[in-house]
Amino acid sequence: MTDAHHHDEHHDELPFWRHYIFSTDHKIIGIQYGLTALVFLFFGFCLMMLMRWQLAYPGKPLPIGFLVKWLGDSRMPGGIMAPEFYNQLGAMHGTVMVFLGVVPLAVGAFGNYIVPLQVGAQDMAFPKLNMSSYWVYFIGGVVMLCSFFVPGGSAQSGWTSYAPLSVITPQSHSLFTGQSMWLTGMVFLITSSLLGSVNTITTIIQLRAKGLTWMRLPFFVWAQLVTGFLLLLAFPPLEAAGVMQLMDRMAGTSFFLPSGLVVGGKALYVSGGGSALLWQHLFWFLAHPEVYVLILPAMGIVGEVIANNTRKPLWGYKSLVYSVIFLGFMSFIVWAHHMFLTGMGTAVNAFFQTTTMIISIPSIIILTALILSLWGGSIRFTVPMLFALAFLPMFGIGGLTGLPLGLASADIHLHDTYYVIGHFHYVVAPGTLFALFAGIYYWFPKASGKQMNETLGKWHFWGSLIFMNGIFLPMLIQGLAGVSRRLYDGGASYLHAEHVLYLNKVMSHSAWSLAVVQLIFIVNFFWSLFGGRKVTSDNPWEATTLEWDTPTPPPHGNFLKIPEVYCGPYEYSVPGEERDFHPQWEPYKKPGDQNNQEKK
Amino acid sequence: MSTAIEIPYNSTERPDTGLYNAKLGVWLFLASEVMLFGALFSTYVLLRTGADTWENGAQIGLSIPLATINTLVLIISSVTMVMSWASLKMKSLGRYKFYMGLTILCGVVFLIIKGFEYAHKFENGIWPSTSTFMAIYFTMTGLHGLHVIGGLLVNSYLWGPGSKMWQTDPERFTNRIEVAGLYWHFVDLVWIFLFPTLYLLPGK
Amino acid sequence: MSDIHHEDVHSHVKTYIKVFVALAVGTLITVLASNFHLGIVVGIIVALIIATVKGSLVAAFFMHLSAERKPIYWVLILTATFVVVMVGLIMFARQDQQGSQQGIFAVPQGHVPAHHAETPEEAHKE
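Residue numbers (the numbering used here), protein chains in the order written: chain A, 1 to 600; chain B, 1001 to 1204; chain C, 2001 to 2126.
Everything labelled a hint here was simulated from the structure, so no lab data went into it.
Take the hints with a grain of salt, since some may be wrong.
Derived pair list, reagent style SDA-like, types lysine to any residue, alpha-carbon separation capped at 25 Å [unchecked claim]:
#: 1; chain 1: A; residue 1: Lys210; chain 2: B; residue 2: Glu1013
#: 2; chain 1: B; residue 1: Lys1089; chain 2: C; residue 2: Leu2048
#: 3; chain 1: C; residue 1: Lys2018; chain 2: B; residue 2: Ala1119
#: 4; chain 1: C; residue 1: Lys2070; chain 2: A; residue 2: Leu14
#: 5; chain 1: B; residue 1: Lys1204; chain 2: C; residue 2: Arg2069
#: 6; chain 1: A; residue 1: Lys458; chain 2: A; residue 2: His499
#: 7; chain 1: B; residue 1: Lys1089; chain 2: C; residue 2: Arg2069
#: 8; chain 1: A; residue 1: Lys128; chain 2: B; residue 2: Gly1150
#: 9; chain 1: B; residue 1: Lys1204; chain 2: C; residue 2: Leu2048
#: 10; chain 1: B; residue 1: Lys1089; chain 2: C; residue 2: Ile2045
#: 11; chain 1: A; residue 1: Lys128; chain 2: B; residue 2: Leu1105
#: 12; chain 1: A; residue 1: Lys210; chain 2: B; residue 2: Glu1006
#: 13; chain 1: B; residue 1: Lys1204; chain 2: C; residue 2: Gly2039
#: 14; chain 1: B; residue 1: Lys1164; chain 2: A; residue 2: Lys210
#: 15; chain 1: A; residue 1: Lys210; chain 2: B; residue 2: Pro1015
#: 16; chain 1: B; residue 1: Lys1204; chain 2: C; residue 2: Thr2052
#: 17; chain 1: B; residue 1: Lys1114; chain 2: C; residue 2: Val2087
#: 18; chain 1: A; residue 1: Lys128; chain 2: B; residue 2: Arg1172
#: 19; chain 1: A; residue 1: Lys128; chain 2: B; residue 2: Tyr1157
#: 20; chain 1: A; residue 1: Lys318; chain 2: C; residue 2: Ile2050
#: 21; chain 1: C; residue 1: Lys2014; chain 2: B; residue 2: Glu1171
#: 22; chain 1: C; residue 1: Lys2018; chain 2: B; residue 2: Lys1164
#: 23; chain 1: B; residue 1: Lys1164; chain 2: A; residue 2: Ser132
#: 24; chain 1: B; residue 1: Lys1097; chain 2: C; residue 2: Ile2045
#: 25; chain 1: A; residue 1: Lys210; chain 2: A; residue 2: Val321
#: 26; chain 1: B; residue 1: Lys1204; chain 2: C; residue 2: Lys2018
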């Protein structure tokens, strides 16, 4: 289980497939995670664009001939989306975006690439384990993709796979059904996450450079540390539940099947005695901390970018650290706010409502600290900063719309409506994804040695901001009007939805426009990579954290000499200093200038 | 420009934490395993308390003598495992191989007995689908068995080709055995709780 | 642990043997106890206590937890807390069901007969 390059051959001399494909270097692995995740994000986006056709023009044939032909008659008979296919798109859009897209990008890509650099290490604690984590994720992704091509199609019971529907859809003991492959894929993905989190936590605790005490860590590292613990401790119950659901599907057990279940007019020949709610509890025990896995790395990135582009230290560093730790802990005891309408009693509902209200406090503290960090700053409106700035109000909307959902009584009206979808998309799409874009634009020069085009970046930003709001704001409106989620016709058959139905077209056209805007990003990314202007400095943003103390791009082993840390992570605009920033790796010249004492 | 990198604290402990990397890594992994088996135990509790009737292990055909033997086999294997680590601490590769070999043997015996138990049930038409008790029985012991197999694979590697590291980096190798031992003891620990829960608790 | 001396290891070995004996005895006691019809509540408590004692011995002595460092203790305390939370809150949710006294969980345990004549499931043969 231990590993290191003890007797290393010179890294340069490794054959191509060991240098780039089966690399143990955290930066290559980070890029592998990043590119794979971006492809999955794009794929998940395409799934959604298909859905949005059906929602805007229910029952109308899709006017893209070759696509209809390729999808075939079982999915799009006469070009019109079959309801089962709509459900497949819905379930897999969620699964792909969360488990194959955002988390691998936020944790696998950014975590792997940046954390060892920011703690001053030569690599992760367990490089070979790191490589295995990536390939296990890759296999999980392939299994998920293949699930579209088996008879009956992919999983289609929501990304939440609630029993008993998920157990009986379809009724087959074969492993090669969409839902069973979903469960198998999840086992791979969970394993990958677990191994990755062991690596991240050990790296942060054990491999910090000399002088890098806990309270001198960049906020991004703290965020990744807490995220690591969330993944480590919250995922296993879902793995257990996934195994049990596989048993229910393939071995005829009844973990999640209550007695007396009748399917299609026939009583199910199973023992019964199981509990559908057990699945929900075990699923949400993970899936709630999972949403904090989605947001914490993003908050970390926003912190780094804001400090750098205001030329000021982050406001309230200690509050940020204690809040993120408290948030991580609380995230384990709020999960049943997803189950308010399952018939739990008032005492349990009150308990989870209370913890949910409490958990909003650290979130608000973090957001407030980030906003206050802008005050009095010398703001540079670089492209990363634009995305980081937009994160603040967007996450604000996402968080605030969560509050009525966390109150059991209000949730009666809002549960399973488009309001929920609007809420969580605000947090993840113009929230997390904007932060991840900020991270890409921010660290691209370090990882590639090239600059991304500023103009294209600004077009990408403004277009994305406008169209994301065009998609998700109407969802909040439709939800308040009572339009349910997961409806194949977008609410067209319901009288109470009639007056907000036109918003489906607004949302769909915004979604397709958003796709066009992302093309600008894709073009910018690859054009800059191969033909962009070279950066002229190892530290083009004039930043203070350790990753900027490396050659560009960083070589195997990262640092030319082992770094030592002399001060906190955000020493910007220090009075009496010549430059407006003081990197962590540079000692202060005069003894009276700064408190260099080892804290803790 | 690129040099061989050396990850610190693989063989020696980091002063402020007092740990070497793999020790922290394996305990973190074991923490996740506690959550995994914890979820299964909570499933047992939930299904059992919600049921009108619940079998007692012996009633449904579980063999308490065999499982008791298996419990002792695993306990013995834990002793031999920690002895194999102690042998390395006392610089004896020969004794290490002896004790590690015994550990592997015990693990194989455990699996053989388990296999016999499973086969006996299938022959009598008792399957996971028979009842929720059997469902949780097969799932918990099955997952535990998979963990035993995993441990056997690791231990066999460390007994065989992996033991070459003793010549080049004895401290790191000793640490590897300690880490493998921690995993193996955990597998034993899970069984210590599984055994009374599934085999001995009275029914209702 | 890397600076253990020969004599220390020998005394450790004596401890391992003692722990083994305790574990073996504990196992036999558990099996014997199950033969007395203690009733379900007492039975569970007895079984849990013995298992916890045995588990603690394995953890403390074989896994050297009694001499371990703070980070490990914190990880385990955190984990134990969340296991208790998971089991406890799920049970709490079950107890606090709306509607009937026992809630939706207490339905008659189904039971599939041991021998299947003709069943849709040939999965067992897979």
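Next on the checklist: So if I understand the rule, the pair passes when the alpha-carbon distance is 25 Å or less; does A:Lys210 with B:Glu1006 pass?
Outcome noted: holds, 16 Å
Next on the checklist: For a C-alpha distance cap of 25 Å, please report whether B:Lys1089 and C:Leu2048 respect it.
Outcome noted: Violated: B:Lys1089 and C:Leu2048 sit about 35 Å apart, past 25 Å.
Item to check | A:Lys128 paired with B:Tyr1157 [C-alpha distance capped at 25 Å] | outcome: holds, 16 Å
Checklist entry - Holds or violated: B:Lys1204 with C:Arg2069, Cα cutoff 25 Å? => result violated, 43 Å
Checklist entry - Are the Cα atoms of B:Lys1204 and C:Gly2039 separated by 25 Å or less? => result Distance ~9 Å between B:Lys1204 and C:Gly2039 Cα, so the pair holds.
Next on the checklist: Hinted pair, alpha-carbon criterion (25 Å max): A:Lys128, B:Gly1150. Please report holds or violated.
Outcome noted: Holds - the C-alpha atoms of B:Gly1150 and A:Lys128 are around 18 Å apart, at most 25 Å.
Next on the checklist: Hint check: A:Lys210 vs B:Glu1013, CA-CA at most 25 Å. Holds or violated?
Outcome noted: holds, 15 Å
Checklist entry - CA of C:Lys2014 to CA of B:Glu1171, is that 25 Å or under? => result holds, 23 Å
Checklist entry - If you draw a straight line from the CA of C:Lys2018 to the CA of B:Lys1164, is it 25 Å or shorter? => result Distance ~32 Å between C:Lys2018 and B:Lys1164 Cα, so the pair is violated.
Checklist entry - Is the hinted pair B:Lys1089 and C:Arg2069 satisfied, with a Cα-Cα distance of at most 25 Å? => result holds, 20 Å
Item to check | Given hint B:Pro1015 paired with A:Lys210 - CA-CA distance at most 25 Å | outcome: With a Cα-Cα distance of about 11 Å, the restraint between A:Lys210 and B:Pro1015 holds, given a limit of 25 Å.
Item to check | Hint consistency between C:Lys2018 and B:Ala1119 [alpha-carbon to alpha-carbon, up to 25 Å] | outcome: violated, 36 Å
Checked against the numbered hints given earlier, this structure breaks hints 2, 3, 4, 5, 6, 10, 11, 14, 17, 20, 22, 24, 26; the rest are met.
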